[in-house]
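K.L.:
Those sequence lines, one after another, are chains R and W.
The first sequence begins at -15 in our numbering and counts up by one.
The second sequence begins at 24 in our numbering and counts up by one.
Incorrect hints may have been included.
What the hints assert, rightly or not - Restricting the straight-line Cα-Cα distance to at most 25 Å, the calculated cross-link-like pairs of lysine-lysine (DSS-like) are: (1) R:179 - W:134; (2) W:30 - R:4; (3) W:83 - R:175.
Claimed, not checked - Taking beta-carbon pairs under 10 Å as the criterion, some of the chain R residues facing chain W (in silico): (4) 27; (5) 123; (6) 147; (7) 149; (8) 152; (9) 153; (10) 164; (11) 203; (12) 222; (13) 223; (14) 245; (15) 277.
None of these hints come from the bench; they were simulated from the model.
For every residue, glycine included, the Cβ atom is placed at its ideal position computed from N, Cα and C.
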Amino acid sequence: MSEKKRKPNRPPKPAKVVMKHAVTAVFFGVMIAGMCFTMIYPIVKLLPNVFSSLLDLGNPDVIWIPVNRSTLSFTAAWRLTMKEGIMTIAKSVGYAAFITLIQIFVSAMVGYAIARVNFPGANLIFVLVLFVFLVPPQALLLSQYIHFQNFWFFGKVYNLIGRPVTLYLLALFGFGVNQSLFIFVFRQFFKNTPKELEEAALIDGCGFNKTYFKVMLPNAKPAIATVAVLGFVWNYGDTYYTGYFDPDGPYLGYILNTTFQSANQQFVTNAIMTWYKLPLANAFAFDAVKQAGALIYMVPLLIFYFITQHWLVENVENAGIVG
Amino acid sequence: MKKMKFKNKRKLSGFLYTTPWLIGFVMFFAVPIVKTIWWSFNEVGVSENGGMELTWNGVKNYVSLFTEQVASGSQTFLQVFTNENTNLLVNAPIIVIFSLFLAILANVKFKGQGIIRTVFFLPIVLGLDVITDLITISTGGDLVTRGGGLFSQGIAATMLLRYTTISSDIILTITSYVDNIFSLISQAGVQTLIYLAGLQSISPSLYEVAKIEGATSYESFWKVTLPLIGNITMFVVVYTIVDIFLDSSIASEVYRFAFTKSRIGIASALSVVYMLNVLLVLGIVLAISKKVVKKDV
């Protein structure tokens, strides 16, 4: 990045150095290309399936390029899952984004406090956060469900199951999807920020809140970006919380999960048969439609990530650690 | 006197920042976890009115878990736990190093890096349960395992085996790891992202200083990058360990015992053993890292 600055008053590089640079570049290029190939491969494998005509599926002659191409799989997947059309996606995205914002706000505060403030019990809280993180959801599933059905809150008993508000409450109190992980991320990043920053703010007369919001939080940009990406992906892709606490809500992940569960295969195949007059639709057609659904589902995630990724790798150099 | 007061105020504010989480801990977590532990010491059945019926039976669930119960792979639970822990010991270091390597690759600056980084993000997306379920083919096999065997049966491996004098054991071990690259990549997605952010949190001025002092990029990696991402590495290690356990067959056995077999007592006992196992591993790792790093992590 500082290439431009250095160039003018530099003597020409000796051939050996040029050679070395070229070798490194080729090495990195090959490595990156190889890794990318491996990562894209599962998706590439899907393409001939989803773009093939539904009746042509299972044709052993087709490996990469289907003979009869069609986008019917996508149309079918869309019709099966998007009850409100594009709004279904919009609502899921909005939900995930909003929950993620709450999660970032709460987790960053907790993470900052246990990383930088030496109050008694800070380490205990950290250990508890780790503990929450390591408990598998399966182990809590049943008791949590029963507990939430008869949720005692200051003398009154509420049923928290089947209410969207439960999801927001969980995030607000630090127990949303993988939230202890986010607290942990923030703690580790705040541990890494130099002490001088905080001290400088204090000398400038900033109080605790001001130091945090004006100096420390803006400096935690990489951590915020990471948590934003992970939080968005996991909330958007969550079927556990949404499925239990608000099964009728507009959450695309859960809708896809229930529509394409294997018990539903007959229903989906029948729908394809009658809608598109394809009496020969079979298990292959079910798979193709299911995979098309997965691809549609992934689009918002990829767009979101493509937008945020340069934010993720933006360096903290302009944050003024030295000055 | 004034300083004292200031410090106390700071501690109070810090504590206040954690109160939402503490309330959440009591409301949403403590009660269910205590219940699960309680169930593990009871025989849990269904009573007449549809509620739960508990009969105290001490550590019987735990004894029966390790003596009578068998996991779905017809292994005893002692075997299951031994397997998972060995698996962890082998794979965790590989995943941690590999994710750092991937993060360094993604951090290289060049044209079109945005697209490359988006590709590097795919494993996290493909690792979502919803998506894995959706792209799995119900007519047999899934895509990720289909990619397996790509390298050990490939030309390069065959050539190496036939025309070089390298021991076939070594080649086979290496190719089996390369074959596993699909699962390795899918297990390293989140860690790569975290490392990538960690690399950004290092001030570039430190690298400048190292360069002025005459350090090669190799040296500045060992002397600047590694020490400064110690905190992040600790996170990555803990995450990797917990993630391997979550992915393990133990976690799915908990589900199977609770919901398919309706043996809630046994399932709870299994959960408790699982948690103790993870705690023990984490404890050992943290103790070692404190000794090695000698820094507050």
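K.L.:
If a hint holds in the structure, say so; if it doesn't, say that too.
P.N.:
Quick rundown of the hints versus the structure:
1. A hinted pair counts as satisfied when its Cα atoms are at most 25 Å apart, and residue 179 (chain R) with residue 134 (chain W) does not qualify at roughly 36 Å.
2. Restraint check for residue 30 (chain W) and residue 4 (chain R): not satisfied, since their Cα atoms lie roughly 54 Å apart, outside the 25 Å limit.
3. With a CA separation close to 45 Å, the supplied pair residue 83 (chain W) and residue 175 (chain R) exceeds the 25 Å bound.
4. At about 7 Å, the closest approach between the beta carbon of residue 27 (chain R) and any beta carbon in chain W falls short of 10 Å, and the interface hint on this residue holds.
5. Proximity of residue 123 (chain R) to chain W holds as hinted, the smallest CB-CB distance being about 3 Å (cut-off 10 Å).
6. Using the Cβ-Cβ criterion of 10 Å, the hint placing residue 147 (chain R) at the interface with chain W is not satisfied: the shortest such distance is roughly 14 Å.
7. Here the hint on residue 149 (chain R) is broken, as its CB sits about 14 Å from the closest CB of chain W, past 10 Å.
8. About 12 Å separates the beta-carbon of residue 152 (chain R) from the nearest beta-carbon of chain W, more than 10 Å, and the hint is not met.
9. Because the closest C-beta pair between residue 153 (chain R) and chain W is about 8 Å apart, less than 10 Å, the hint holds.
10. Annotation: interface hint on residue 164 (chain R) holds; nearest CB of chain W at approximately 9 Å, less than 10 Å.
11. The restraint placing residue 203 (chain R) at the interface with chain W holds, with a minimum CB-CB distance near 9 Å, inside the 10 Å limit.
12. Below 10 Å, beta-carbon pairs count as interface contacts, and residue 222 (chain R) has one with chain W at about 8 Å; its hint therefore holds.
13. Here the hint on residue 223 (chain R) is kept, as its CB sits about 6 Å from the closest CB of chain W, short of 10 Å.
14. Checking residue 245 (chain R) against chain W: minimum C-beta separation of about 8 Å stays under 10 Å; hint holds.
15. Given the 10 Å rule on beta carbons, the hint for residue 277 (chain R) holds: about 6 Å separates it from the nearest Cβ of chain W.
Checked against the numbered hints above, the structure breaks hints 1, 2, 3, 6, 7 and 8 and satisfies the rest.
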